[in-house]
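Line order of the protein sequences matches chains A and B. First residue of the first sequence: 3, per my numbering; consecutive thereafter. First residue of the second sequence: 144, per my numbering; consecutive thereafter.
I should point out that these hints are in silico values taken from the structure, not numbers from a laboratory. Just so you know, not all the hints are guaranteed correct.
Listed next, with one range per pair, are the computed distances between beta-carbon atoms [said to hold, decoys possible]:
(1) A:V65 - B:D250: 46 to 52 Å
(2) B:K200 - A:V65: 52 to 58 Å
(3) B:A221 - A:N67: 47 to 53 Å
(4) B:A221 - A:G56: 48 to 54 Å
(5) B:A221 - A:D17: 42 to 48 Å
(6) B:E344 - A:V65: 48 to 54 Å
Bear in mind the structure is a predicted one, so any value in this text is a computation, not a measurement. For glycine and all other residues, C-beta sits at the position ideal for the given N, C-alpha and C.
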Amino acid sequence: MHELSICQSMLKIVDSTMEQHEGATLLKIFLDIGRGSTIEPILLSEAFDVITSGGPYEGTELVINDIPISGRCRDCGRDFTYEELAVGCPKCGSTNIEITAGLELDIKALEVDD
Amino acid sequence: MSRVEIEKKIQSENDRLAIENRKVFAEAGVLVLNIISSPGSGKTTLLEATLDRLADKMNVVVIEGDVSTERDMDRVRAHGASGIQINTGGGCHLSAKMVGAVLGQLDLGSAELVFIENVGNLICPSTYDLGEDIRMVLLSTTEGDDKPMKYPSIFHEASVAVLNKIDLLPHLTYDVEKVKKEIRVLNPDSEILELSATTGEGVDAWVEWILVKLREKKSTQT
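Next up, chain A with everything else stripped away, as it sits in the complex:
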């Protein structure tokens, strides 16, 4: 349950970006959140609503791009989903696997009304 502190870190980045757009109203925050990032989008949205309530960002929409975990076999190159991953590569059985997506915890962009 560290969505609150992640939300605060995110808002620091938002603050420093909004300082460069004086007078603009923040409408949306675009995030990439991987399912393996340890952050639950619903809890993050709730934390965001609580923190921003009554402030300049109240009503801002969090647009969360929910990214499933996926992997790629380093031996045969096959791409696969997390559900397939537990037993190794579905094609060659190798456990020499690279996680290629699903660990993101990134702020991508803002939409502002200026």
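Dock chain B against the given chain A, drawing on the hints supplied.
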């Protein structure tokens, strides 16, 4: 209406502070391990067993993270460590900022090893780099053999996984090979050690593993 591109990791501020901590640790010439596990998997017991084998050879510093009480710090002090207890007051993890705030109170100059015992939790601590050299995940046989795939982040991030309480295996349904396979799938480069902090089985090998890492770190610094 316009779009402002940012493209930044939300944890970039924590990562920046972790780099600051890493500099302090490097200047002191200490090897730092960040130990992450569920509550009750034996982090403090393993530290006690480790200190029993190392504390007469070198100064060991422990940074203890818990929601409340000094209980863990009292335990490791009794086994020869110096250090400090951080109480997070409900916080589920240590952050680089929390660790950085106490570094000035530690005797790093005379120490060779620093253990950071994170708050018992397999989820949140995996997202916070503290400036450590080695992120270690400790798991125990009593937690069940389904943990790696359920908590992928920490097993992906940790460079070593240590399986504790192997003395209890005869009494449990626990598939060690399945667990190892799941850890390897999440991090093919992960090292895996097995031990019992209570009986001491495997603890000498664990201590030797730490000493090898310490020598490696010292050799890269000189």
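Tested hints:
A beta carbon spacing of about 48 Å between V65 (chain A) and D250 (chain B) agrees with the range 46 to 52 Å that was offered as a hint. Distance hint check for K200 (chain B) and V65 (chain A): the Cβ-Cβ separation is about 55 Å, which falls inside the suggested range of 52 to 58 Å. For the pair A221 (chain B) and N67 (chain A), the supplied restraint of 47 to 53 Å holds, since their beta-carbon distance comes to about 50 Å. Checked against the hint of 48 to 54 Å, the C-beta distance between A221 (chain B) and G56 (chain A) comes to roughly 49 Å, which is consistent with it.
One distance hint, 42 to 48 Å for the beta-carbon pair A221 (chain B) and D17 (chain A), holds here, with the actual separation near 46 Å. Checked against the hint of 48 to 54 Å, the C-beta distance between E344 (chain B) and V65 (chain A) comes to roughly 52 Å, which is consistent with it.
Consistency with the previously given hints is maintained throughout, with no hint failing.
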